[in-house]
Amino acid sequence: VRRQRAAWAFVAPALAVIGVFFFLPVLAALALSFSDFDIYALADLRNLRFAGVRNYVELLQRAEFWNALGNTLYFVIVGVPLSIGISLGTAILLHTRVTLLKPFFRTALFAPVVTTLVASAVVWRYLFNTRYGWLNYALGSFGLAAIDWLGNPHFSMPAIIVFAVWKNFGYNMVILLAGLQGIPEELYEAARMDGASAWRQFVYVTLPMLWPMLSMVAILTVAGYFQLFAEPYVMTQGGPLQSTVSVLYLMYDEGFKWWNLGSASAVAFVLFVLMFAVTGVQLRFMRRGATR
Amino acid sequence: MGREGEVVTTLVPEFERTHPGIHIEVQGLPWSAAHEKLLTAFAGDAAPDVCQLGNTWVPEFVALHALEALDDRVRGSPTIDPSDYFAGIWDTNVLDSKLYGVPWYIDTRLLFYRRDLLASAGFDAPPRSWGEWEQMLGAMKARGGPDRFGVLLPLNEFEPLLVLALQQDEPLLADDGTRGNFESAGFKRTLAFYVDLFRRGYAPPLTNADVSNIWNEFGRGYFSFYITGPWNIGEFKRRLPPALQGSWTTAPLPGPSGPGASIAGGSSLVLFNASHVKDAAWQWIEFLSRPEIQSRFHDLTGDLPPRRTTWNEGALVGDVYARAFREQLERVKPAPKVPEWERIATELRLVAERAVHGQLTVDQAAAELDARADRILAKRRSLLAQRSRS
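Protein chains in written order, with my numbering: chain C, 393 to 684; chain Z, 1063 to 1452.
These are calculated hints, taken from the structure and not from any lab test. All values derive from a computational prediction rather than experimental measurement. Even glycine gets a Cβ: it sits at the ideal position worked out from N, Cα and C.
From the derived model, a few chain C residues whose C-beta atoms are all more than 10 Å from chain Z: (1) R397; (2) K494; (3) V505; (4) V597; (5) G681.
Per the computed footprint, the stretches of chain C lying under chain Z, defined by three or more beta-carbons under 8 Å from a beta-carbon of chain Z, are: (6) 424-434; (7) 536-544; (8) 629-638; (9) 644-653.
Here are the simulated lysine to aspartate or glutamate pairs, EDC-like style, with alpha carbons at most 16 Å apart: (10) C/K649 / Z/E1404; (11) Z/K1441 / C/D436; (12) C/K649 / Z/E1098.
Chain C on its own, in the form it takes in the complex (with noise of 0.2 Å):
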């Protein structure tokens, strides 16, 4: 029991910083997300009235929501294979023994995960320039047709998508290369002994040694994409035709641009389920894939 009770103890402060910090703010937005405050009840509380589920109601009722839910899943749905594949395929060839220069290169794909977002994002916005981009530039060269990359609906979340992936790419990147450099030389050897093709050894012996890996690196990242915000107000401010407008920038817009707090909590707290929900049916699917 006093073994117990020092454990308490020592558990104490932090438990009461998650509490005051966290817990706290949170049960109070959802306390928010039932009522319709704004402006007017932040002038007078009287004006504060109870709303019920009204927020939620409402909130699956504006078309905004639905384009919005549809742009973020989008965006999760290409963003995040694509961001693994691409840190998968950097990391092994940063391992793979043939490469030259290794240090310099896993430092430069590491660079765009600590550059500035905003000051990265001015940059690209120049790289997809209709006019005078270098992307569009690529493209003539190839003899393609010069694509409007921001202003078009159809190529603005596409392009959000490069971005972020680029952005995003290196820190998953240098977590698998971990992964990779744990996994025992010997199975290699003992695969080869056994006639195991180059491709057959990634099947057999590299995905299931980084199968814990690569489930929690899925795991972040997808709720990482799901919390899409910086990337399109920086960009595009959600245009054009609100093609790049996620939930997160929803939200924002709602609470901290309108002050609809309690519309804008009811959207985190939508946000809150669907990104729990969709965690929760990874976890399952990799610990299946885990035990297999």
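Model the placement of chain Z on the given structure of chain C, informed by the hints.
Below, chain Z without anything else, positioned relative to chain C:
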């Protein structure tokens, strides 16, 4: 805020010298964060004594009961004379016939244009009506071809459409600002005109971000007309090459039939309710409102003063680029004075963008705007109804 916040500090020493016992502490805010920070400061009881407020924010802060009514102070003031101010600008600070702010500098939108390109299309004066303007744009399009445009109306700005909408007689909101009035004949005429400028290829369907550098493109003749505000006088002088300096100028906005109105934008000086030193704070507002101080402020920032006296003396008298603003200022109208206006203006931009891209007809867009405005104004409607019942 922004540049004004930096420059105003240079005026403080003189004020403190002539007003012993009053000490001014200036806190600068970037424009992009100012609105959030002020609301948060108000919510946290940390609001300043005096503050510069974008005049479209005044209704919001009045709704918060954050601002002190200034009618009595102005009546007793030797320096601030309401009739010396441009009427449209003064009016932006009046709510329910009470005054809540004193205009500090003005910001209205009008035409910046390439005189040389207009002349080569055969016109030696800027347009006075929409009809004349369309004629010029048509002639310029015919000369310039598909890659050159008459006018730039960035799709990420609501101001160009808003100023054209304010030129109509019908108000943008109806029923004491509780319902949208976008299905009025006047607004539909404006929206049809606006959409038509894109349909006919006079305006490119672009945002500011797509044009990467407005000044370069203006210099290259990518577009010839641009609806923008006074800060661009300085930018155009600084950023256009010397060879082009003689070939651009400004002009008042053309209207549906003859010279049109523009928006009464700008910043006001306000006094917060919670201040403990209101008398001293008011002296600071009076000091900043003196014509000679406004004149100095203009020299420092390029911001245009709201008083006619200030325009009649100092550097502004001979300023050819400011002349059009002087004329426009006699024809400015405030945006609807409800706290929700900024949001409605944003919806205006988003719905108009869809109309420009052909996703909505003018009638559909107007109906959609009314629906959105009515939804945004729902709470205001119910509060006003409640108030009138009790």
